[in-house]
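Letter by letter, the chains look like this.
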Amino acid sequence: MKYLPILSAAMVEPARESAWADEVPAKMKRRDPRIWQLAMVAANRAIQAASVRPKSIVAGTALGALDETRGYLDGVFKDGFGSPRNFIASVHNSMAGKLAVEFGIDGPNLTVCEGQNSFASCLVAASVLDSGDFPALVLVVDENIELLRRIVPHLSNQCREFLSETWSEAAVAFVAGAPGPKSAPCLAALGPRRSEGVEPCALCAQLASELGLDASIVAPLSRTSDSFVKPAVCACERYTSSQKGDHLIGSYSPTADAAALVLLCV
Amino acid sequence: MPYLPVIGLGAVSSAGYGVKKAYAAVADGAGCLTSLSVFDSGLKQVPLCGQVPEKPEIRLGAEVPDATTGFALWAAKEALIDITDLKGLRLGVVLATTVAGMTRSELFFRELRDKPEFVRHAGVFLAHHEPTATTGVVARQVGALGFHTLSTACSTGLHAVGMAKRLIEQGVYDVCLAVGSDALSILTVRGFASLMLIDFDGCKPFDKRRVGISLGEGAGALLLASPEAAAKLGREAVGYVAGWGASADCHHMTAPHPEGRGARMAVEKALAEAALAPSDIGLIAAHGTATPDNDVSEIKAMRAVFEKLPPFCSMKGTLGHTLAASGTLEAVCALRALRDGVIPATAGFEELDEAIGAAPSGRATAELRFVLKTSFGFGGNNAAVVLAKERRL
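Residue numbers (our numbering), protein chains in the order written: chain P, 210 to 475; chain U, 4 to 396.
Any given hint could be a false lead.
Only pairs whose alpha carbons sit at most 30 Å apart, straight line, appear in this in silico DSS-like list of lysine-lysine [as the list claims (entries may be wrong)]: (1) K118/U x K47/U; (2) K118/U x K287/P; (3) K47/U x K211/P; (4) K392/U x K303/U.
No lab work stands behind these hints, which were simulated from the structure alone. On a predicted model such as this, the values are computed, not experimentally measured, just so you know.
One chain only, chain P, in its complex shape (with noise of 0.2 Å):
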């Protein structure tokens, strides 16, 4: 397991922050869609707290921007042509791109979409990046958007257990160094495990076990589960509030049937 010491983490809940927009570059507020504006001020937040500048690029996300595509189909559809700023953006990476241009970031730029293992999965791709590589933006975002509001209503009753209908969105951002020993405060993550038919809750306590942890640590899956970035959001909370200790933070997505766990020591 890879231990990724942390040097600084930001969050942006736009339901928590309204003043959030301010901190967005005016060029991108023109231009640029909403997810990306939450990524860009998550990030220069992370960023200018480590005061280093990331020599990579780690995203995660279970949707990306979305209302982009959608924007983009509508138009093929109803009028015979689609923005080409829709379709690009529309790309899951385009977001990290994004990043790295307007940071001068030049190293290894990955997105991973994992649902709601999306965080997970972004600290294990980190992990396998070059000591050169680092320090590494490790950055989980995702939109509440009015489709998603739409549609929680008529989805399956296990994806409903999963996603409330208080959906929350967030990005969070991490500068995280060099991976090493155990030393707090850092991240690890293991996963994401197919479940087999395995109970959530119990795969994670497995997962745990593997790790020579308590499984009883183990944050509740029906309150850090019940949105994509809800397990970014939780291990961001217990790092700036410095609880001190070993925290477990489990995930699952039910679209493809598997979990994961993130250890955050604080």
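With the hints as your guide, set chain U onto chain P.
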């Protein structure tokens, strides 16, 4: 870093199902592009595309959620063929896709626009729109322990190869499938058309007359293993992954860096990991999309790395640009070329472009030990992988 054995290959392409068909077509520079018929794109002119000639569910004998998943599954199963027992080894999957279940999403959006009540089908839509759903299906069907889903546009496939290599080296898995898969979709066909990057008559990589890409679909799968796992499974290596390099241009969201700065960095990193000098490379299996910008900047990048440009080819005139699948699908063909000592032809190339100042090789034979495979994508995303014929001593 040790060279990691590749012990299985799988491919689905415009040439059909199977590595043999894809490689034979690529080696000969065969014309496998056909008029788009999978769906009505609504474009005034029907583009030539690299379409898979038969639906995956027919070949698999079972329903699949969407074509991307079906192609990925078929290629993964071909790579695992004859392995009936994993003998307790931990199998992982790293899957690369950009389209994933978009073909379903397109149907959903089209219907929802006119019929608001169609929202009741949202569960089916969301379940397959997330790229992780594709990986979940493949992982379940092949009995993988865990999996990861990457989506970095056209460079993704080679990142999947690199990540699979590192996960084995770290001991996370004993064997790991690197799969790239993408189906043709309205979003990508119309999207690239709106950027005026499609050559409706078929792409012409590195040619003076080139005006854009031909989209394609399919999947490529490489089964990587630790040397111990390969021995336990009794599988001979079909080649080795020697190095992976990744970088970002930091230049533009869609256009490559004019001097190929990021591409150069990715190639240099891959060579460094493989502990090779540029002169060791016998063939560059280029990204070679046939857009006016890509082909110029790619060769500029290569000139910056290589004192003498090795023979190079583009497979996209045969397979089309299969987006996230292109890295793995073309790496599969490159491994076969490496084994046979064949420099593949470049379908579509006829006329030298002075702005590039170099022509891809025609089909030829050569003593090949190492091949460089490159892939570049939206967002200035670059990936390079070095493939080796033999294990490093």
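| task | For the pair supplied as a hint, K118/U and K287/P, confirm whether the alpha-carbon distance does not exceed 30 Å. | result | Holds: K118/U and K287/P sit about 13 Å apart, inside 30 Å.
| request: Mind checking the alpha carbons of K118/U and K47/U for me, to see if they're no more than 30 Å apart? | output: holds, 27 Å
| task | With a cut-off of 30 Å on the C-alpha distance, tell me whether K47/U and K211/P pass. | result | Violated: K47/U and K211/P sit about 53 Å apart, past 30 Å.
| message | Next pair to validate is K392/U with K303/U; report whether the Cα-Cα distance is within 30 Å. | response | holds, 27 Å
Hint 3 from the earlier list is the only one contradicted by this structure; the remaining hints agree with it.
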